[in-house]
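**Q** Single-letter residue listing:
2 protein chains.
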Amino acid sequence: MKILEDRILKEATVLPGNIIKIDGLLNHRVDTVLIREIAKEFKRIFSSTNPDIILTAEASGIALATLTANEFNLPFIFARKAKNSKMQGALYKSDIYSYTYEQKVTLFVEQKWLNKNSRVLIIDDFLAKGEALRGLTDIVHQAEAEVVGIGIAVEKAFQGGGDTFRNLGYNIHSLAMIESLDNGVIKFRK
Amino acid sequence: MKILEDRILKEATVLPGNIIKIDGLLNHRVDTVLIREIAKEFKRIFSSTNPDIILTAEASGIALATLTANEFNLPFIFARKAKNSKMQGALYKSDIYSYTYEQKVTLFVEQKWLNKNSRVLIIDDFLAKGEALRGLTDIVHQAEAEVVGIGIAVEKAFQGGGDTFRNLGYNIHSLAMIESLDNGVIKFRK
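Note that the protein sequences, when read in sequence, are chains V and L.
Add 1107 to the 1-based position in the first sequence for our numbering, that's all there is to it.
Add 1107 to the 1-based position in the second sequence for our numbering, that's all there is to it.
If you are wondering where the hints come from, they were derived from the structure by calculation, not from laboratory data.
Among these hints, one or two may not hold up.
Which copy? The list can't say, so a pair holds if one copy fits it or any two copies do.
As a list, the in silico SDA-like pairs of lysine to any residue whose alpha-carbon atoms are at most 25 Å apart [claimed, not checked]: (1) LYS1117 x GLU1209; (2) LYS1190 x TYR1204; (3) LYS1193 x LYS1294; (4) LYS1200 x ARG1241; (5) LYS1117 x MET1284; (6) LYS1128 x LYS1147; (7) LYS1190 x VAL1212; (8) LYS1219 x GLY1291; (9) LYS1188 x LYS1236; (10) LYS1219 x THR1120; (11) LYS1236 x PHE1265; (12) LYS1190 x LYS1200; (13) LYS1150 x LEU1198; (14) LYS1190 x ARG1241; (15) LYS1193 x ILE1115; (16) LYS1188 x LEU1198; (17) LYS1294 x ASP1113.
Please read all numbers here as calculations on a predicted model, not as lab measurements.
One chain only, chain V, in its complex shape (with noise of 0.2 Å):
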């Protein structure tokens, strides 16, 4: 997506160890007029696919997945990190890696508002090794539901996470994918 690739270029800053920092479009600050772009991007994408329900992860593909959700007119669910006082139901549960936290982290999403046989669209802003999306169609498949996409903002090619999930057979869309961040030189995958 040409103008999320533009954007980047402009405004992302590389950190050693091959991070991208974009945080005044998606994930600190969220640019509301891009992000809509994106979203209406996904429905011309995922509108084929039918969803019913849209998911993401708490916190960075919350902007991303309520533009998606309402350019569907459909819910979304966010998947917690944390269990909190009220979270009393059935839950699903399933155990990740977070690299930008650098710890072990629980997603959690309550029994009851995933279905059986659901037809669930992940959203999320970056996949790199994919542990999110390992943790998020973890939940759909303990649901017994299906995932009929996976769109994401910006994915870290490079860092194969990815490619694991086209090779599984899913249906996965990136907006922006990074070749490589050698140098500091942000490559694009054509």
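On the provided structure of chain V, position chain L as indicated by the hints.
**A** Just chain L now, kept in the frame of chain V:
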């Protein structure tokens, strides 16, 4: 706001300890059609205050902030509740107590995203004792910016946080104000 009050009466669960759970609308499964209506109401209420940025706290405020910011064609910032490896710039911080998670939490905002003299509209899903709001207003003051308005979806008025901020002179509007939850019955403030 009648449609929000009606949905709360219809779908909320009252748990022991004066806890109200409306996780099918706002903060686990999110009804983006309802949130869009809430966002339009915030736009109507606060457009005369001319905000130039919207501020919320992760994670439950993000969906509301996304659609409200989109109505205003503004970006929003979500204060993070944990520092991650990408946050390498100077930070505003404020310590609050989270009753939902029963622990101290620090709110973080990268200084570069919140400008001096900025006109900040704070948006959040819930207001009870006002801890999150105390942290968010503190961060705005640290930045020498101005809080032009505070928009809350659901205020538990009997817990006093909202009135504290009203008495301090803030321009605060809550779309549903719960007066009591005694015996599990939801009563709104007239």
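**Q** What hint numbers does the structure not satisfy?
**A** Going through the list in order, the structure violates hints 1, 13 and respects the others.
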